[in-house]
Amino acid sequence: MSMNVEVLEDDKHHRYVLNMGPQHPSTHGVLRVLLELEGEYAMNLLPVLGYGHRCHEKIAEFKPAKSFMPNTARMDYLGALIYNHGFAQLLERACGIEVPERVEYIRVITSELNRIQSHLLWYGAYLLDLGAFTPIMYAFDDREHILDILEDVTGSRLTYCYFRVGGVSKDIDDKFVTSTRAFVKRLRGRFPMYEDLVNGNVILQNRLIDIGELTPQTCARYGVTGPLLRGTGVAYDIRRAEPYSIYSKFDFEIPTETKGDCMASFLVRFRELEQSLRIIEQALDSLPEGPIMAAKVPKKLKIPAGDYNSSVEAPRGELSYYLVSDGSDVPYRLKVRTPSYSNLSIVPEVCQGMLISDVVSAMGSLDLVIPEIDR
Amino acid sequence: MDEQKKSLLNVHSYTKECIERYDGASSQQTKTSDAPPLIRMKLSDAIFNLCRANSLWPLTFGLSCCAIEMMCCGMARFDMARYGAEVFRPSPRQSDLMIVAGTVNRKMAPALVTLYEQMPAPRYVIAMGNCAMAGGPFAVEANYDVVLGVDQLIPVDVYIPGCPPRPEALIEGILQLQEKITGKRFPLPQNKMPKGA
Amino acid sequence: MTEQYLVDYMYVLVLLVMGAICGLAPLLISTFFAPRELYNKTLDTYECGMDPFGTAWNIRFDISYYLYALIFLAFDVDILYLFPVATAFDKVSAVRGISELLIFVGILSLAIVYAWVKGVFSWTNRRKAC
Amino acid sequence: MDINNVKKQWQTLATTVEAVDYAVSGHDYSLSLERDKVRDFAAFMLEEGFYLVDLMAVHVTPAIEVVYQFAHVETRCRVLARAFVDDNVEMPTISDIYQGANWHERETRDFHGVVFIDHPYLHPLILPEEDVELKPLLKAEAKLKDVEAIRRQPPEPAPEPKPKAKPEAKPEPPKSQEQS
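Residue numbers (our numbering), protein chains in the order written: chain C, 57 to 431; chain U, 9 to 205; chain F, 131 to 260; chain Z, 447 to 626.
No lab work stands behind these hints, which were simulated from the structure alone.
Note that the structure is predicted; figures quoted are calculated from it, not measured.
It is possible that some hints are incorrect.
Said to hold, decoys possible - Calculated cross-link-like contacts (lysine-lysine; reagent style BS3-like; alpha-carbon spacing at most 25 Å):
hint, chain 1, residue 1, chain 2, residue 2
1, C, K122, Z, K589
2, C, K119, Z, K589
3, Z, K591, C, K122
4, C, K358, Z, K589
5, U, K188, U, K50
6, C, K231, C, K241
7, Z, K591, Z, K581
As the list claims (entries may be wrong) - Here's a subset of chain C near chain U, in silico, CB distances under 10 Å, partners left out:
hint, residue
8, P78
9, G85
10, D430
Stated by the list, open to error - Computed from the model, here is a short list of chain F residues facing chain C with C-beta under 7 Å:
hint, residue
11, E177
12, D192
13, R257
We put the CB at the ideal spot given by N, CA and C, even for glycine.
Go ahead and model the full structure; you've got the sequences and the hints to work with.
This is how it looks when you write it as structure tokens:
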């Protein structure tokens, strides 16, 4: 069912092949999708990747493992802290470094703030794809609040490099705590407005309901994880399935839907904002005192030979690092399994035969970040 | 009829051209005509430059992380609209400023040059971020794919350092471009901003 | 008496000339004052930075577009007949004018009702590969 | 999905099945497979409800090692299955069982040159079209290591918490893997 390139070349079918190419407003970056059109219907789709490839994995084999942290933030710049968290956890597991309690809380709070920021940007950009111009202004207004809060602590707005192996680079003060609490209260107050302005909108519902339906079996065959999988009714969230860090201490639900279409993943992401707020509140309430760096972190991180995994719940799905080490401090091989890579691979099967405008809305619901796909 | 058909994924017609430009061999041979305007008057130039500088329509050309900071610039808080630059045109036909926001790699280079050439004549380029300026964090020995600097492919007017640069830096870049087009820097609207804004 | 006649035509002439000027002025300005810096690909069709595949001439259009054109044609002709009505509108009582107009347009809009019932406007959102 | 009969089935399919400590290595089971058993192993895993997390290659001396990573949605069980490519760097494809592997295999071919037999569309995915022979992630001769060097050294008899001293004599690796 994938596009057969040879058939197209001799043009017997007179089908019109169009490039939804690298520079396109709705591909959220430089993704190129070849659409084989029959009137308004995209009979075949063929995503072409590689326009945002930046050799991250080759760079990992030339630098000491500790100094790969900035690269993790540049793979998925919307969930940078969560990528840092996954990588820090990978090295701490490999070298057996115990992280103090306060650091775990700081990591969870900042990661959840980063998840909210990523979902807000998805919210604005997705509705911009569907033609609504106002919601992105509201979403970015909230997002700027988070950027200010995180900027005081991490020093940057987008590509954070805040976590270190064994701890974090700067302690959070009570200005951070008060502004975070104020932000939580403010965002929770704006949910009804978002609900009326957008979720209840009949145009949005017509554009999203019954578009791009997924079933748990399709997700298993393609390796789709994250809000798309939860949209089909499977409550699989790494924070609950393989509780890393201190997520087991907080009680939060995993929002799921049943139909698995675009509206389902839309609502799942929207409700995850609320769950992240709950986690932040609980974490802020029980924030312990203590050091922010593990006691003895060797300067040259000797990773014992062997292969190590670390998987965390990125905003788009399951992010897992796979490190093969030969005993030195430079990784022998580092593979990063990014969620959007598998999420995008369902497009040729799910969007086959759709109208072009539905293809745009289905791909928008995948919440793609292209440099994360091309690595 | 078969041989001149291009395979779908085949090499873009500009790949050879980009390789030459990248190695410095050819410099913009693809320019077919470079005639100045028919009527060249100082007054008309001043008027047109004033209009061009104050209504720079950028092309939505977000490649990676800098694209998010470019979006923040377009939003309410940093608001490029104050300088006439907030209309992001998806197609190069209606845009006269190309903000290269992100990393250009060898597969993207032909598309970049094609888009640059498909923009109407008074076209300006801002290289936003270290990647567009000189390869940024990917200008390392292990890099086999990233183009180190966009100015080897297309002429660049303003460079904005930063990884990603702050939205204020992008606005400063646009003000620098306006100064480059008209020769003088406009009285910033900020001077008249209400206290505490 | 003839001057009044001419003065009326003068207005029409002025409006025509103004319209022509507003139409042509931007074209002339851009041909004379715009810099002419062309590249190989400046005049090629824009397709997201990629080379377009084949020409757009030999593709076969979908039947649904043809039906839209038919419906547009029906109402285009319909407007044509409304111009004379507009000029003679004040010679007849308002009610009669409006009612006749509505009858005329009503009959013609039956074409749309027919097309609607036939399902021209309902696009199935999925079409299986043939 | 009860883990016992899954393990019994693994015994038949895989050459070695090794339970690994999750806290250190991040996965639960590490298997090594024969090349021709990969397809029925994948079919069995799909039946059991595992989803394919990742497929990647590691360049080591006897032959490039392709690593498949599976995880389960209901119960936490991460499985790593390894198989060595044959002499002319080929591997049977599993993209008809797990369609998600289609792209992983094309990418592995880009980076390591592992050709997957009867893969529907083995075009370069990430590298440009003309870079089929680039294979960037292959190790330079100097850095190439033997497969044993990247295996986990058996823990010292008394695994005291401080980082292990470098074992002087290279302990005989427990799993004897005669690779052609």
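Which numbered hints does this structure break? Every hint satisfied by this model.
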